[in-house]
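The sequence shown maps to residues 7 to 337 in this note's numbering.
By construction, these hints were calculated from the structure, which means they are not laboratory data. Beta carbons: idealized from backbone N, C-alpha and C, even for Gly. A portion of the hints provided could be inaccurate.
Claimed, not checked - When the alpha-carbon atoms are kept at most 30 Å apart in a straight line, the in silico BS3-like pairs for lysine-lysine are as follows: (1) Lys231 <-> Lys174; (2) Lys275 <-> Lys333; (3) Lys10 <-> Lys95; (4) Lys10 <-> Lys200; (5) Lys97 <-> Lys119; (6) Lys95 <-> Lys119; (7) Lys95 <-> Lys40; (8) Lys231 <-> Lys119; (9) Lys303 <-> Lys174; (10) Lys173 <-> Lys200; (11) Lys336 <-> Lys231; (12) Lys22 <-> Lys119; (13) Lys174 <-> Lys97; (14) Lys173 <-> Lys10; (15) Lys40 <-> Lys231; (16) Lys22 <-> Lys10; (17) Lys231 <-> Lys95; (18) Lys22 <-> Lys303; (19) Lys333 <-> Lys228; (20) Lys333 <-> Lys303; (21) Lys173 <-> Lys231; (22) Lys119 <-> Lys228; (23) Lys22 <-> Lys228; (24) Lys228 <-> Lys174; (25) Lys119 <-> Lys10; (26) Lys228 <-> Lys95; (27) Lys173 <-> Lys40; (28) Lys174 <-> Lys95; (29) Lys10 <-> Lys40; (30) Lys173 <-> Lys275.
What the hints assert, rightly or not - Label-pair ranges, simulated between beta-carbon atoms: (31) Asp196 <-> Gly244: 41 to 49 Å; (32) Lys95 <-> Glu75: 19 to 27 Å; (33) Glu229 <-> Pro179: 24 to 32 Å.
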Amino acid sequence: MEYKNLWVFIETDEGKAKNVGYELLNPGRALADKLGEQLVAVVMGQNVRPVAEQAIAYGADTVLLVEGEEYNTYNTDAATYAMCSLIQKYKPSIVFYGATNNGRDLGPRVACKLETGLTADCTGLDIDEETGLLMSTRPTFGGNLMATIACPDHRPQMSTVRPGVFKKPVSDPARQGTLVEEDIHISPADIRVKLVERVKEVAEAINLEEAEIIVSGGRGLKEAKNFQLVRDLAEVLGATVGASRAAVDAGWIPHAHQVGQTGKTVAPKIYIAVGISGAIQHLAGMSGSDTVVAINKDPEAPIFGVADYGIVGDLFEVVPALIQEIKAYKE
(Lines of atoms letter the chains of each structure in order from A and count residues from 1; the text may use other names and numbers.)
(Lines give C-alpha, C1' and ligand atoms only; values in the text may rest on other atoms or scores of the structure.)
Protein backbone atom coordinates (compact mmCIF):
# COMPACT_ATOMS: atom_id res chain seq x y z
CA MET A 1 0.00 0.00 0.00
CA GLU A 2 1.21 3.48 -0.84
CA TYR A 3 2.22 5.67 2.09
CA LYS A 4 0.84 9.19 1.81
CA ASN A 5 -0.11 12.31 3.81
CA LEU A 6 1.80 14.23 6.42
CA TRP A 7 0.89 13.84 10.10
CA VAL A 8 1.51 16.09 13.08
CA PHE A 9 1.13 14.72 16.61
CA ILE A 10 -0.59 17.29 18.84
CA GLU A 11 0.56 16.54 22.38
CA THR A 12 -1.94 17.30 25.13
CA ASP A 13 -1.77 17.30 28.90
CA GLU A 14 -4.90 17.30 31.08
CA GLY A 15 -7.01 18.53 28.17
CA LYS A 16 -4.70 21.29 26.95
CA ALA A 17 -2.47 21.25 23.87
CA LYS A 18 1.27 21.88 24.00
CA ASN A 19 2.11 24.79 21.71
CA VAL A 20 4.66 22.81 19.70
CA GLY A 21 1.92 20.69 18.10
CA TYR A 22 0.22 23.75 16.68
CA GLU A 23 3.60 25.19 15.68
CA LEU A 24 4.32 22.08 13.60
CA LEU A 25 1.13 22.60 11.61
CA ASN A 26 2.91 25.57 10.03
CA PRO A 27 5.72 23.66 8.23
CA GLY A 28 3.36 20.69 7.98
CA ARG A 29 0.93 22.72 5.88
CA ALA A 30 3.68 24.01 3.59
CA LEU A 31 5.28 20.59 3.07
CA ALA A 32 1.94 18.81 2.57
CA ASP A 33 1.06 21.35 -0.12
CA LYS A 34 4.47 20.83 -1.72
CA LEU A 35 3.77 17.08 -1.87
CA GLY A 36 0.15 17.56 -2.97
CA GLU A 37 -1.00 15.55 0.06
CA GLN A 38 -3.22 16.09 3.10
CA LEU A 39 -2.13 17.50 6.45
CA VAL A 40 -3.45 15.31 9.26
CA ALA A 41 -3.31 16.17 12.97
CA VAL A 42 -3.38 13.41 15.59
CA VAL A 43 -4.92 14.56 18.87
CA MET A 44 -4.75 12.22 21.85
CA GLY A 45 -6.14 12.95 25.31
CA GLN A 46 -9.29 13.19 27.42
CA ASN A 47 -11.97 15.79 26.60
CA VAL A 48 -9.77 17.28 23.88
CA ARG A 49 -12.29 17.89 21.08
CA PRO A 50 -11.61 21.68 21.34
CA VAL A 51 -7.93 20.93 20.65
CA ALA A 52 -8.93 18.96 17.54
CA GLU A 53 -11.17 21.79 16.31
CA GLN A 54 -8.36 24.28 16.89
CA ALA A 55 -5.99 22.09 14.85
CA ILE A 56 -8.34 22.48 11.87
CA ALA A 57 -8.37 26.25 12.41
CA TYR A 58 -4.55 26.16 12.34
CA GLY A 59 -4.42 24.37 9.00
CA ALA A 60 -5.12 20.63 9.36
CA ASP A 61 -7.29 19.02 6.68
CA THR A 62 -8.20 16.08 8.90
CA VAL A 63 -7.91 15.37 12.62
CA LEU A 64 -7.73 11.87 14.04
CA LEU A 65 -9.12 12.15 17.57
CA VAL A 66 -8.23 9.51 20.17
CA GLU A 67 -9.89 10.05 23.54
CA GLY A 68 -9.82 8.10 26.77
CA GLU A 69 -8.90 8.32 30.43
CA GLU A 70 -5.61 6.57 29.74
CA TYR A 71 -4.54 9.51 27.53
CA ASN A 72 -5.32 12.31 30.02
CA THR A 73 -1.68 12.51 31.09
CA TYR A 74 1.09 11.08 28.95
CA ASN A 75 1.61 7.35 29.33
CA THR A 76 4.33 5.75 27.21
CA ASP A 77 2.52 2.42 26.74
CA ALA A 78 -0.89 3.87 25.91
CA ALA A 79 0.43 6.56 23.56
CA THR A 80 2.74 4.16 21.71
CA TYR A 81 -0.03 1.59 21.25
CA ALA A 82 -2.48 4.20 19.93
CA MET A 83 0.03 5.86 17.60
CA CYS A 84 1.24 2.57 16.13
CA SER A 85 -2.36 1.45 15.61
CA LEU A 86 -3.18 4.64 13.70
CA ILE A 87 -0.04 4.52 11.55
CA GLN A 88 -0.59 0.87 10.64
CA LYS A 89 -4.19 1.66 9.70
CA TYR A 90 -3.68 4.82 7.61
CA LYS A 91 -0.04 4.55 6.40
CA PRO A 92 1.19 8.16 6.57
CA SER A 93 4.34 9.06 4.67
CA ILE A 94 5.65 11.55 7.24
CA VAL A 95 5.04 12.05 10.97
CA PHE A 96 6.22 14.98 13.10
CA TYR A 97 6.37 15.07 16.90
CA GLY A 98 7.39 17.94 19.16
CA ALA A 99 10.79 17.37 20.78
CA THR A 100 9.33 17.69 24.26
CA ASN A 101 10.17 15.20 27.00
CA ASN A 102 7.15 13.14 25.96
CA GLY A 103 7.70 13.56 22.21
CA ARG A 104 11.29 12.41 22.62
CA ASP A 105 9.92 9.30 24.32
CA LEU A 106 7.06 8.57 21.92
CA GLY A 107 8.82 9.15 18.59
CA PRO A 108 11.67 6.67 19.11
CA ARG A 109 9.37 4.03 20.61
CA VAL A 110 7.03 4.21 17.61
CA ALA A 111 9.98 4.18 15.19
CA CYS A 112 11.38 1.07 16.85
CA LYS A 113 8.08 -0.80 16.82
CA LEU A 114 7.41 0.07 13.18
CA GLU A 115 11.04 -0.55 12.15
CA THR A 116 11.54 2.84 10.55
CA GLY A 117 13.88 5.77 11.07
CA LEU A 118 13.58 8.93 13.13
CA THR A 119 15.60 12.13 13.04
CA ALA A 120 15.67 13.68 16.50
CA ASP A 121 15.69 17.28 17.70
CA CYS A 122 15.29 18.93 14.29
CA THR A 123 15.49 22.65 13.61
CA GLY A 124 14.73 22.54 9.87
CA LEU A 125 12.37 20.59 7.58
CA ASP A 126 12.04 20.45 3.79
CA ILE A 127 11.09 18.20 0.89
CA ASP A 128 13.71 17.29 -1.72
CA GLU A 129 12.21 18.31 -5.05
CA GLU A 130 13.85 15.50 -7.01
CA THR A 131 13.15 12.55 -4.70
CA GLY A 132 10.17 13.80 -2.69
CA LEU A 133 11.98 12.67 0.49
CA LEU A 134 11.71 14.49 3.79
CA MET A 135 14.95 16.34 4.58
CA SER A 136 15.35 16.86 8.33
CA THR A 137 18.08 19.17 9.60
CA ARG A 138 19.49 19.03 13.11
CA PRO A 139 22.56 20.33 14.98
CA THR A 140 25.41 17.91 15.57
CA PHE A 141 28.89 17.92 17.15
CA GLY A 142 27.77 20.17 19.99
CA GLY A 143 25.93 22.51 17.66
CA ASN A 144 29.01 23.30 15.57
CA LEU A 145 27.66 21.60 12.43
CA MET A 146 24.23 21.05 10.91
CA ALA A 147 23.35 17.63 9.48
CA THR A 148 20.54 17.01 6.97
CA ILE A 149 19.16 13.49 7.20
CA ALA A 150 16.84 11.47 4.94
CA CYS A 151 15.09 8.13 5.41
CA PRO A 152 14.86 6.70 1.87
CA ASP A 153 14.01 3.05 2.52
CA HIS A 154 11.44 2.91 5.33
CA ARG A 155 8.08 4.49 6.10
CA PRO A 156 6.84 6.57 7.68
CA GLN A 157 9.62 9.15 7.70
CA MET A 158 9.61 10.61 11.21
CA SER A 159 11.16 13.55 13.04
CA THR A 160 10.97 15.19 16.41
CA VAL A 161 11.15 18.99 16.12
CA ARG A 162 12.21 21.48 18.75
CA PRO A 163 9.53 23.70 20.27
CA GLY A 164 9.87 27.34 19.28
CA VAL A 165 11.56 26.71 15.93
CA PHE A 166 8.37 27.50 14.00
CA LYS A 167 5.69 30.08 14.71
CA LYS A 168 2.10 28.99 15.19
CA PRO A 169 0.00 29.58 12.05
CA VAL A 170 -2.68 32.25 12.08
CA SER A 171 -5.91 30.69 13.32
CA ASP A 172 -8.88 30.72 10.94
CA PRO A 173 -12.01 29.71 12.91
CA ALA A 174 -14.04 29.53 9.69
CA ARG A 175 -11.75 26.90 8.18
CA GLN A 176 -13.42 23.56 7.41
CA GLY A 177 -11.90 20.13 8.01
CA THR A 178 -12.78 16.53 8.81
CA LEU A 179 -12.76 15.20 12.37
CA VAL A 180 -12.49 11.42 12.67
CA GLU A 181 -13.03 9.80 16.08
CA GLU A 182 -10.87 6.72 16.59
CA ASP A 183 -11.89 4.23 19.30
CA ILE A 184 -8.53 2.91 20.52
CA HIS A 185 -8.04 1.60 24.03
CA ILE A 186 -5.22 -0.38 25.58
CA SER A 187 -5.78 -3.10 28.15
CA PRO A 188 -4.94 -1.86 31.67
CA ALA A 189 -2.75 -4.97 32.03
CA ASP A 190 -0.56 -3.67 29.18
CA ILE A 191 0.12 -0.34 30.89
CA ARG A 192 3.35 -0.97 32.74
CA VAL A 193 4.07 2.59 33.86
CA LYS A 194 1.90 4.25 36.49
CA LEU A 195 1.84 7.96 37.29
CA VAL A 196 2.30 8.23 41.04
CA GLU A 197 2.61 11.98 41.58
CA ARG A 198 2.97 15.19 39.57
CA VAL A 199 5.06 18.04 40.91
CA LYS A 200 3.76 20.83 38.70
CA GLU A 201 5.79 23.55 40.37
CA VAL A 202 9.02 21.96 39.13
CA ALA A 203 7.83 21.49 35.54
CA GLU A 204 6.25 24.92 35.21
CA ALA A 205 9.20 26.77 36.75
CA ILE A 206 11.42 25.90 33.78
CA ASN A 207 8.89 25.61 30.98
CA LEU A 208 11.04 27.63 28.60
CA GLU A 209 9.31 26.46 25.41
CA GLU A 210 5.98 28.08 26.31
CA ALA A 211 7.25 31.05 28.35
CA GLU A 212 6.18 34.51 27.18
CA ILE A 213 9.08 36.27 28.93
CA ILE A 214 12.54 34.78 29.51
CA VAL A 215 15.46 36.31 31.40
CA SER A 216 18.69 34.45 30.61
CA GLY A 217 22.07 34.77 32.28
CA GLY A 218 25.51 34.07 30.87
CA ARG A 219 29.21 34.09 31.55
CA GLY A 220 29.11 37.80 32.42
CA LEU A 221 27.54 36.93 35.79
CA LYS A 222 31.01 35.66 36.83
CA GLU A 223 29.83 33.12 39.45
CA ALA A 224 26.85 31.03 40.50
CA LYS A 225 25.64 33.25 43.35
CA ASN A 226 25.20 36.17 40.94
CA PHE A 227 22.47 34.24 39.09
CA GLN A 228 20.22 35.57 41.85
CA LEU A 229 20.17 38.84 39.89
CA VAL A 230 18.63 37.02 36.93
CA ARG A 231 16.12 35.27 39.20
CA ASP A 232 15.15 38.56 40.85
CA LEU A 233 14.59 40.27 37.49
CA ALA A 234 12.59 37.27 36.28
CA GLU A 235 10.46 37.35 39.42
CA VAL A 236 9.38 40.99 39.06
CA LEU A 237 8.56 40.38 35.37
CA GLY A 238 6.75 37.07 35.93
CA ALA A 239 9.36 35.52 33.63
CA THR A 240 11.10 32.15 33.30
CA VAL A 241 14.84 31.85 33.97
CA GLY A 242 17.09 30.76 31.10
CA ALA A 243 20.84 30.42 30.71
CA SER A 244 23.63 30.21 28.17
CA ARG A 245 25.67 27.06 27.68
CA ALA A 246 28.66 28.69 29.36
CA ALA A 247 26.65 29.24 32.54
CA VAL A 248 25.37 25.66 32.51
CA ASP A 249 28.81 24.18 31.77
CA ALA A 250 30.21 26.18 34.69
CA GLY A 251 27.69 24.47 36.96
CA TRP A 252 25.91 27.70 37.90
CA ILE A 253 22.45 26.45 36.89
CA PRO A 254 20.94 23.10 35.75
CA HIS A 255 20.85 22.13 32.06
CA ALA A 256 17.04 22.32 32.01
CA HIS A 257 17.44 26.13 31.84
CA GLN A 258 19.81 26.12 28.85
CA VAL A 259 18.80 28.02 25.71
CA GLY A 260 20.61 27.23 22.46
CA GLN A 261 21.30 24.53 19.91
CA THR A 262 22.34 22.07 22.61
CA GLY A 263 19.60 23.32 24.95
CA LYS A 264 16.08 24.51 24.24
CA THR A 265 14.81 26.56 21.32
CA VAL A 266 12.52 29.32 22.55
CA ALA A 267 10.23 31.92 21.03
CA PRO A 268 8.99 34.22 23.82
CA LYS A 269 7.45 37.65 23.37
CA ILE A 270 10.40 39.14 25.30
CA TYR A 271 13.89 37.66 25.70
CA ILE A 272 16.30 39.46 28.02
CA ALA A 273 19.96 38.38 27.71
CA VAL A 274 22.02 39.32 30.76
CA GLY A 275 25.79 39.00 30.41
CA ILE A 276 25.49 36.81 27.30
CA SER A 277 27.93 37.56 24.49
CA GLY A 278 25.83 35.84 21.83
CA ALA A 279 27.64 32.78 20.48
CA ILE A 280 26.02 31.48 17.30
CA GLN A 281 24.71 28.38 19.09
CA HIS A 282 22.89 30.54 21.62
CA LEU A 283 21.51 32.91 18.99
CA ALA A 284 20.06 29.94 17.09
CA GLY A 285 18.12 28.93 20.19
CA MET A 286 16.43 32.30 20.77
CA SER A 287 16.19 33.74 17.26
CA GLY A 288 12.41 33.25 17.24
CA SER A 289 11.92 35.77 20.08
CA ASP A 290 9.64 38.69 19.23
CA THR A 291 11.66 41.29 21.17
CA VAL A 292 15.26 40.85 22.35
CA VAL A 293 16.82 43.01 25.07
CA ALA A 294 20.58 42.67 25.61
CA ILE A 295 22.58 43.84 28.63
CA ASN A 296 26.34 43.58 28.15
CA LYS A 297 29.35 45.76 28.90
CA ASP A 298 31.02 44.90 25.56
CA PRO A 299 29.55 47.10 22.79
CA GLU A 300 30.97 44.69 20.19
CA ALA A 301 29.21 41.61 21.62
CA PRO A 302 27.37 39.65 18.87
CA ILE A 303 24.17 39.68 20.93
CA PHE A 304 23.70 43.36 20.02
CA GLY A 305 23.47 42.32 16.37
CA VAL A 306 20.13 40.62 17.02
CA ALA A 307 18.87 42.79 19.88
CA ASP A 308 15.93 45.15 19.44
CA TYR A 309 17.08 47.06 22.52
CA GLY A 310 20.64 47.10 23.81
CA ILE A 311 22.04 48.38 27.10
CA VAL A 312 25.82 48.75 27.11
CA GLY A 313 26.80 48.75 30.75
CA ASP A 314 27.76 46.82 33.85
CA LEU A 315 25.00 44.28 34.48
CA PHE A 316 25.66 44.53 38.24
CA GLU A 317 24.51 48.15 38.03
CA VAL A 318 21.93 47.86 35.24
CA VAL A 319 19.92 44.88 36.49
CA PRO A 320 19.31 46.18 40.06
CA ALA A 321 18.27 49.53 38.57
CA LEU A 322 15.85 47.77 36.21
CA ILE A 323 14.36 45.76 39.08
CA GLN A 324 13.89 48.92 41.12
CA GLU A 325 12.19 50.76 38.24
CA ILE A 326 9.85 47.83 37.49
CA LYS A 327 8.86 47.55 41.15
CA ALA A 328 8.21 51.30 41.30
CA TYR A 329 6.09 51.12 38.13
CA LYS A 330 3.99 48.30 39.59
CA GLU A 331 3.35 50.26 42.76
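To see whether the hints hold, each was checked on the structure:
1. Lys231 <-> Lys174: violated (37 Å)
2. Lys275 <-> Lys333: Holds, at about 20 Å.
3. Lys10 <-> Lys95: Given pair Lys10, Lys95 holds - Cα atoms ~12 Å apart, limit 30 Å.
4. Lys10 <-> Lys200: violated (35 Å)
5. Lys97 <-> Lys119: holds (14 Å)
6. Lys95 <-> Lys119: holds (14 Å)
7. Lys95 <-> Lys40: Since the Cα atoms of Lys95 and Lys40 sit roughly 24 Å apart, the hinted pair holds (cutoff 30 Å).
8. Lys231 <-> Lys119: Distance of about 47 Å is beyond 30 Å: violated.
9. Lys303 <-> Lys174: violated (35 Å)
10. Lys173 <-> Lys200: Violated - the C-alpha atoms of Lys200 and Lys173 are around 34 Å apart, more than 30 Å.
11. Lys336 <-> Lys231: Within the cut-off at roughly 27 Å; holds.
12. Lys22 <-> Lys119: Cα-Cα ~27 Å, so holds.
13. Lys174 <-> Lys97: holds (26 Å)
14. Lys173 <-> Lys10: holds (25 Å)
15. Lys40 <-> Lys231: violated (51 Å)
16. Lys22 <-> Lys10: Between Lys22 and Lys10 the Cα gap is close to 28 Å, so the pair holds against 30 Å.
17. Lys231 <-> Lys95: Roughly 55 Å separates the two Cα atoms, so the pair is violated.
18. Lys22 <-> Lys303: Cα-Cα ~42 Å, so violated.
19. Lys333 <-> Lys228: holds (26 Å)
20. Lys333 <-> Lys303: Within the cut-off at roughly 24 Å; holds.
21. Lys173 <-> Lys231: violated (35 Å)
22. Lys119 <-> Lys228: The hint is violated at about 47 Å.
23. Lys22 <-> Lys228: Violated. Lys22 to Lys228 sits at ~40 Å, over the 30 Å cutoff.
24. Lys228 <-> Lys174: Answer violated: Lys228 to Lys174 is near 37 Å, above 30 Å.
25. Lys119 <-> Lys10: holds (19 Å)
26. Lys228 <-> Lys95: Cα-Cα ~56 Å, so violated.
27. Lys173 <-> Lys40: Holds. Lys173 to Lys40 sits at ~19 Å (cutoff 30 Å).
28. Lys174 <-> Lys95: Within the cut-off at roughly 29 Å; holds.
29. Lys10 <-> Lys40: holds (13 Å)
30. Lys173 <-> Lys275: OK: Lys173 and Lys275 at ~12 Å, within 30 Å.
31. Asp196 <-> Gly244: 41 to 49 Å: holds (42 Å)
32. Lys95 <-> Glu75: 19 to 27 Å: holds (22 Å)
33. Glu229 <-> Pro179: 24 to 32 Å: violated (51 Å)
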